[in-house]
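Enquirer: Protein chains in written order, with our numbering: chain A, 1 to 478; chain B, 479 to 680; chain C, 681 to 1027.
Think of the hints as simulated: they come from the structure by calculation, not from any bench. Fair warning: there could be bad hints in the mix.
No farther apart than 20 Å at their CA atoms in a straight line, the calculated lysine to aspartate or glutamate pairs in the EDC-like style are these [stated by the list, open to error]: (1) B/LYS647 to A/ASP107; (2) A/LYS351 to A/ASP434; (3) C/LYS1001 to B/ASP655; (4) B/LYS647 to A/ASP439; (5) A/LYS435 to A/ASP360; (6) A/LYS100 to A/ASP434; (7) B/LYS647 to A/ASP102; (8) B/LYS647 to A/ASP149.
Here the structure is a predicted model, which is why all the values come from computation and not from measurement.
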Amino acid sequence: MHFDSSTLIPVLPEIFILTMVCLIMIIDLFLDESQRQTTYLLTQISLAVTIFITLLVSSPETQVVFDGSYIRDPMSDGLKVFICIISMVAFVYSKEYLLKHDQFRGDFFVLGLFAILGMMVMVSSASFLSIYLGLELLSLSLYAMVAFDRDSKTGSEAAMKYFMLGAIASGMLLYGISMIYGATGHIGFSEVASAVATSGTDNTVLVFGLVFLVIGLAFKLGAVPFHMWMPDVYHGAPTPVAMFIGSAPKLAAFALAIRMLVDGLEGLHADWQGMLIILAVLSMALGNVVAIAQTNIKRMLAYSTISHVGFIMLGILAGTNEGYISSMFYAITYGIMAVCSFGIIIAFSRKGFEADQLDDYKGLHERSPWFALMMLFVMFSMAGVPPTVGFFAKLFVLDAVISVGLTNIALIAVFFSIIGVFYYIRIIKLMYFDKPVDDTPFEASIDTKVVLSVNGTSLLILGLFPASLLSICTAAFG
Amino acid sequence: MTFELFLFYVFSAALLYAATMVITQRNSVHSALFLVLAFCCAAGVWLLAEAEFLAIVLILVYVGAVMVLFLFVVMMLDVDQASDRAGYMKYAPVGVLIAVVLAIELMLVVGPGNFGLDKFASPIPHAADYSNTKELGRVLYTVYMYPFELAAVILLVAIIAAIGLTLRKRPQTRYQDPAKQVQVKAADRVRIVKMATEKKWS
Amino acid sequence: MELLDSFLPHGLATVIWIVLKIVLIVLPLMVLVAYYTLAERKVIGFMQVRIGPNRVGPNGLGQPIADALKLMFKEIILPTKANKVLFLIAPLLTLGPALAAWAVFPFDAELVLADVNAGLLYILALTSVGVYGVIIAGWASNSKYALLGAVRSAAQIVSYEIAMGFAIVGVLVAAGSLNLGDIVRAQDGSLFHWFWLPLFPLLVIYFISGVAETNRAPFDVAEGESEIVAGFHVEYSGMTFAVFFLGEYANMILISALTALMFLGGWLSPFQGTFLEPVFAWVPGLVWLFLKTAIFAFLFLWFRATFPRYRYDQIMRLGWKVFIPITIVWIMVVGLAVVLELPWWFD
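All chains should be built: construct the whole structure from the sequences, respecting the hints.
Expert: This is the structure we're talking about:
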């Protein structure tokens, strides 16, 4: 093994965040209730510095260190930066919620940071082993976060369901990995890829492993028919946790799919394309249709997530660089939209009032026109209405799918998107055309308001100038 | 049949029997004990495969620690077995169907057809002084250092999660602080008061 | 061996030879256990200014045999609704590991049944399995006191096993081997080359954890006569009880012998490197090992006569908050010493 200290340079962001989370944990132990804000501030500073370090060590070429366990390439850099940014925004909203509901504890942020570390590990894994460990690190932190509100029955139930199904999914994934290891004798992605290239693709064991791999992946992404946990977890978990699960981890899940299916098993593209088509079409269909029937906005957003996951898969299954770029664009866009939508729910909630029913949004425009406008941006963006960024995300994905000749699939996607527009627009209707049922003044701290405004308008700005975000995604697959 | 092969079949048969009993026993303590037996048999099979470190660690960690805690919990809980079995028959056919399909698939894939001796040469037995432990340690701390460290972080998260979910401050509970107890001096507890002698009552 | 080989097929001869060796280890061990119980009563009697047993045979030397005979002829009572099979297996599960552990134990430089590379791990694994006897006995008895004893014991043993394991890790870092013979050879030199000096905190922790692991006073809450009658073996009588008894004392001897082996240089002469070495060269290593073991075996008895029983939360606090941190710190110290090749022990 070759090792010198320069090996550690690409891994600096992970090392830094791990060091910081250990430090924060110890500092938090010695803080009084009144100084708890320090934990939050340290968390945000660590994330900011992590972004800075990630940019510092980034470069156009690819580096593989730790004997093929760790990879640093433009894709990992881009995704890490966005994971950190989205998480920072999520933490701003989380702080708002935790303060409002008297649940401000240090372990929320510590577990959150561990989850972020897990995502970063997943994003820059170069072997099945490290990607699996990153996934477990992420999942374990999330299970604990879902049960964060210990007195909430729905929270515990959601955590239990999430844990059970997550464990089964991990088992599936691991079983698939073991099959692939058995067939190729390697666990590094590049070695597996070359072994697949030499041994040919008609290997039963390999395809068998792939099936389990895709099942595990679909579980973690929340694609139909492995989506059962999503609505319950979104509904049962405390809103900031649902927001956290719904935003940045989707980027990591995208990386999971790309690393395993593209970096490792691109040779089997013909096999996994078919599986992903089924998953994607079912997700878009079920997600969009069932979301219409929901009265709880968190549940509705869960089903909306399922449909968006379908779109992310659509880009991947195209199997071209263009498809991967569009998919990455979609995942990042989705992260920004999701965090904003939950941010509005949090800003709108108060102690004893979760603001998670659709009816709670009646007449929001009269109570707070500015945040109603933000919600409008989010809903338009999720529905894919131009000129918001959501429109371009859908457009790029469809373009990629059509260019590989899967026009039928693209048509199905468009059809279900149009169905989906209904429930997004319904919220806009509630906000703008219905009378408010209660007129408690809208209360949120100044930093939440500022971040929420920036977050909401960014959907519009990115929609008007999509080239900046697109160039980052293009660089990742250059 | 060599002695090793004979042992292999004994361990494998016992393992299968124990594993079946784990899922069919009605009493959860019995299930847990059969799981212990299954672990022991698996350790035996691993020993035959010259993986003595893994075999011993399996006993040490799973039998010696994990299952003890498991039994601890199972014995403490009063599991209502009747309600556990409600709906059992309803789901049994689907479950059996899936299990059978999966089993057949597994047998077809992980059989000698794909993993036979013609595909993979049988491993060369190691010399008597070959130390499995040393070899494992060597790769674990060099080639697989990064995954190894990650596993450590996962365990750390597990500790934090477990403590975070269970530790509650109960203000009504009274704690003893041994450090304080030790530091107590006689003067803190007993006050000797000097009093002037009182006049004799008359 | 050659003699057996001459008139038996090779495989059978090997098996018989191994069985013979096992008998050669187990028989003296059983005698030792029997007289250890007598020693206990005598020593504690002395400490409490009593005489102890003195009626059977000269100075009470026949007492253990009388006890054994009494227990053998007593009726074995099976409690109603007890789980018969598990109830009877439990005592064997206590005794079995305590005896099996001796398989890898080197009594002298060459005197070992199985010279296994991972010997230390094997012993650690077996001592951790011993707890099942207690747990199963407590559960199978279908009695409240027994169950309470089992639950206490399970929690206690799992807690102390961590500290014990870490102490052993320290030893193996210092010796650079898991083979028990190599661990002794690593202490070769003189009295001050033995590991008791550089690993002193680990010695203390290992031995105290060993006391806790064997459920002996002051950690005997699993039996706790005054609280839960006799804990896990309250329902046992006659031979089944005797087997528990044997297991407990065999375990105590095992822990003492292991401590002597890992920290006091096993079979090595204490006069190594001094002018007395040639004077005592005729003493076999087995004797030195026996004497060193006796020190710790005596400590077991001394503890029992001296200390009041720990309260349960104190046991847990000691294990988790005191022992485990100390061992972790000391492993780092030892690791550092080994890396820096600290002269005298690790050069």
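Enquirer: Go through the numbered hints given earlier and state which of them the structure violates, listing their numbers in rising order.
Expert: 2, 4 and 6
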